[in-house]
Structure formats: C-alpha cells, structure tokens
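Each protein sequence line maps, in turn, to chains W and A.
The first sequence begins at 1 in full-length UniProt numbering and counts up one residue at a time.
The second sequence begins at 1 in full-length UniProt numbering and counts up one residue at a time.
Heads up, a few of these hints could be off.
No distinction is drawn between identical chains; accordingly, a pair holds when it is met within one copy or between any pair of copies.
[As the list claims (entries may be wrong)] Below 16 Å or equal to it, Euclidean Cα-Cα: the simulated EDC-like pairs (lysine to aspartate or glutamate) are:
(1) 173 - 51
(2) 173 - 99
(3) 115 - 3
(4) 70 - 119
(5) 173 - 122
Hints listed in this document are in silico derivations from the structure and should not be mistaken for laboratory results.
There are 2 protein chains.
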Amino acid sequence: MQDDSEVAVLRLGHRPGRDNRMTTHVGLTARALGADRVILDGASGPAETIEDITERFGGPFEVEVTGSPKGVLRNWEGVVVHLTMYGERVQDVEAEIRERHASGEPVLVVVGAEKVSFDVYEAADWNVGVTNQPHSEVAGLAVFLDRLFEGRELDREWEDADQHVVPMPTGKKVVPTEEE
Amino acid sequence: MQDDSEVAVLRLGHRPGRDNRMTTHVGLTARALGADRVILDGASGPAETIEDITERFGGPFEVEVTGSPKGVLRNWEGVVVHLTMYGERVQDVEAEIRERHASGEPVLVVVGAEKVSFDVYEAADWNVGVTNQPHSEVAGLAVFLDRLFEGRELDREWEDADQHVVPMPTGKKVVPTEEE
Chain W
1 MQDDSEVAVL
11 RLGHRPGRDN
21 RMTTHVGLTA
31 RALGADRVIL
41 DGASGPAETI
51 EDITERFGGP
61 FEVEVTGSPK
71 GVLRNWEGVV
81 VHLTMYGERV
91 QDVEAEIRER
101 HASGEPVLVV
111 VGAEKVSFDV
121 YEAADWNVGV
131 TNQPHSEVAG
141 LAVFLDRLFE
151 GRELDREWED
161 ADQHVVPMPT
171 GKKVVPTEEE
Chain A
1 MQDDSEVAVL
11 RLGHRPGRDN
21 RMTTHVGLTA
31 RALGADRVIL
41 DGASGPAETI
51 EDITERFGGP
61 FEVEVTGSPK
71 GVLRNWEGVV
81 VHLTMYGERV
91 QDVEAEIRER
101 HASGEPVLVV
111 VGAEKVSFDV
121 YEAADWNVGV
131 TNQPHSEVAG
141 LAVFLDRLFE
151 GRELDREWED
161 ADQHVVPMPT
171 GKKVVPTEEE
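I would like the entire structure built from these sequences, with the hints used as guidance.
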C-alpha cells in the first residue's frame, strides 16, 4: 500500500479450470485489501480478470504470472508468511509480523490451493493459521491483510480509476471518476 | 457464538454446480469465524461438505437448506446486514451493528453470489461494503465477522470434535480430541 513497504500475495498450486474462480477471488481480495501485487502460479485467465478490474477501479496493483513459484519464495528478500490451518495462531504472531513490515521489510503472503508441499512450510518465516479450522484461503487472506494493516487498507486511495462506487445506505451508485 | 445472540449467514443465489465451491467456502468461513448457522439457498451439495467438517472438527454449527431465502429474510427477527460493494463503509457502521448485536439482537448476514435483486437492498437494515471494490463475498464475510466479534471468534471453543489441529511453527499436527 502507498507509503508502506511492499506486500505481495503468492498463490500456489493453481489448477487451470478448476481453480479459476478461487484464484480470481484471491487476486481481487489481495487488491481490495491493500496488497501491492499478486503473483499467480501459471494462472493467466484469472490474471486477465484481475487486470481488468484494476483498469476500471484503479490501482496501483500489479498482477504477475510465474512458472516458478518456488523461485519467488526462495528469492524473496523480506518476510514470508504462509497461511495454513496448521500454523501458529494469527492473534499470537500478528504483532511481530506487523513490526517487521513497519520496519521496512517487504512481506510475501503465501496461500495454497490444495495440498501444499512441506518445503513451503520450511521456507516460511511464519506459518500462520487464521483459526486452526478448515475454511477458505480467501477468508484467511482477507482477515490476515485486515489485521496486518490494522484497517488502514479500508481508507486507501485509488489512482487512475475510470469509475468508483459511492457508498450508499440503499441502492447502487457508480460514477465516472472525473465527474464527482 | 457461545454466550452471544445468534449470528446466521444467508447465502443467496447459489447456482448448482457453478457455485458449489464458493458456497462451501461461504459456509466454512461462517463456521470458522464465529457464526452459529448458515442458511443455503437450495445448495445441498455444499451443505453436506460443511456438515462433514462440523462432524469432524466440532460445533455447535447448524447448516440449513432453504427453498425460500426471501422468506428467511422477511421473517428474520433481528438485524439484517447485506454485504455489498455498493453499501456503506464497514468502518463507518460496524460499531452500531456491534452494539445492536451486543444488546441481544440476532444478526443475519446476507451474502449474494451474482446479481442480488433490489428487494434485498431494501429488506436490509444495513447494506455494508467491506471496501467499495469488487472482490469476494468470502473475503467480505470473513472481515465482517472478525470485526463484528472483534477477534473473539478466534478463541472460541469447539464441542464434540473428533479431532483438532495443534498450532505449530512448522509442520502439521492433528490429534484425536480425547488424547491431548
């Protein structure tokens, strides 16, 4: 997010077709909740959808497709947080992660699709559980980012948007960005 | 959640097949993040998966399938919160919703799949945006519940679980519940 050190989200283990929608939701959640970049493991379909949303609703937000997610993990210069139901409780470790991020270290948040191989657990600085219950990588990512940024992501400003939503008690209002 | 007034999640507009996975994630997120019940619009496949997880990892958590989601909405005695990117900003309205819940009113959180009809916007006491950006109903639900419960859901206890995860810095540890 602007003025912060980078937060990127790495989506592992995308299975083309089957995982398209979940991977798209991971990417859009990363964008909406303050990450600067999403890196997708060979998922060009979802990448296009996410880029299209950024085009229309603003950024900055980058989408990358990689053929070597393990390379991204290995070469990351900063903190690696792997979200998994087997990890340490988010409420126990979030303050320390926040501190590392605030001190200027880029954070890579890793979310898997199905089974994640053991070397990812080993490569991570923290394996973190948003609850130790089975639920959704999208939900885990959302809660983690909201806690990492302590809600500041909800007030971020969007640049180069064609349009934006005006919050309303009832109904829908979308206006071209120039006309406000 | 135990000792609180009820929080239920109503999933609207499920399209069999196409939405199975998202609806399952909505239900599992509701369970993991402190809701007491999920009500699914004619989605019996996802209902079975969510019940199976509750069987293994504990509850209390109820799964219902309805043929009349609008009836559920109409007859709800308590507060109705519809999560939508067009709604008021969560950071602006969450305190008031939290207060109503704390004063003993049951809360129904409504999440749609695709397009939600206008009468839902009108039936809701609050239309709430977890950001006014397009992302994921699963992410919106997760952040909303975490804020409604102010993190207390992360410490909830699970009853009648066959097994549970022991949080670990690295690796996976799942133990039968008796043996701890």
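From the Cα coordinates, with 16 Å as the cut-off, is the pair residue 173 and residue 99 best called within, between, both, or neither? So residue 173 and residue 99 fail the 16 Å test inside a copy (38 Å) and across (28 Å) alike.
Between residue 173 and residue 51, at a C-alpha cutoff of 16 Å, which is it: within one copy, between copies, both, or neither? This pair counts as neither: shortest intra-copy Cα distance 22 Å, inter-copy 38 Å.
What label fits residue 70 with residue 119 when the C-alpha limit is 16 Å: within, between, both, or neither? within (9 Å within a copy, 48 Å between copies)
One pair to classify: residue 115 and residue 3, alpha carbons no more than 16 Å apart. Within, between, both, or neither? Cα proximity of residue 115 and residue 3: none, with 35 Å in one copy and 36 Å across.
Give the relationship of residue 173 and residue 122 under a CA distance limit of 16 Å: within one copy only, between copies only, both, or neither. between (47 Å within a copy, 15 Å between copies)
Going through the hint list in order, the structure does not satisfy hints 1, 2, 3.
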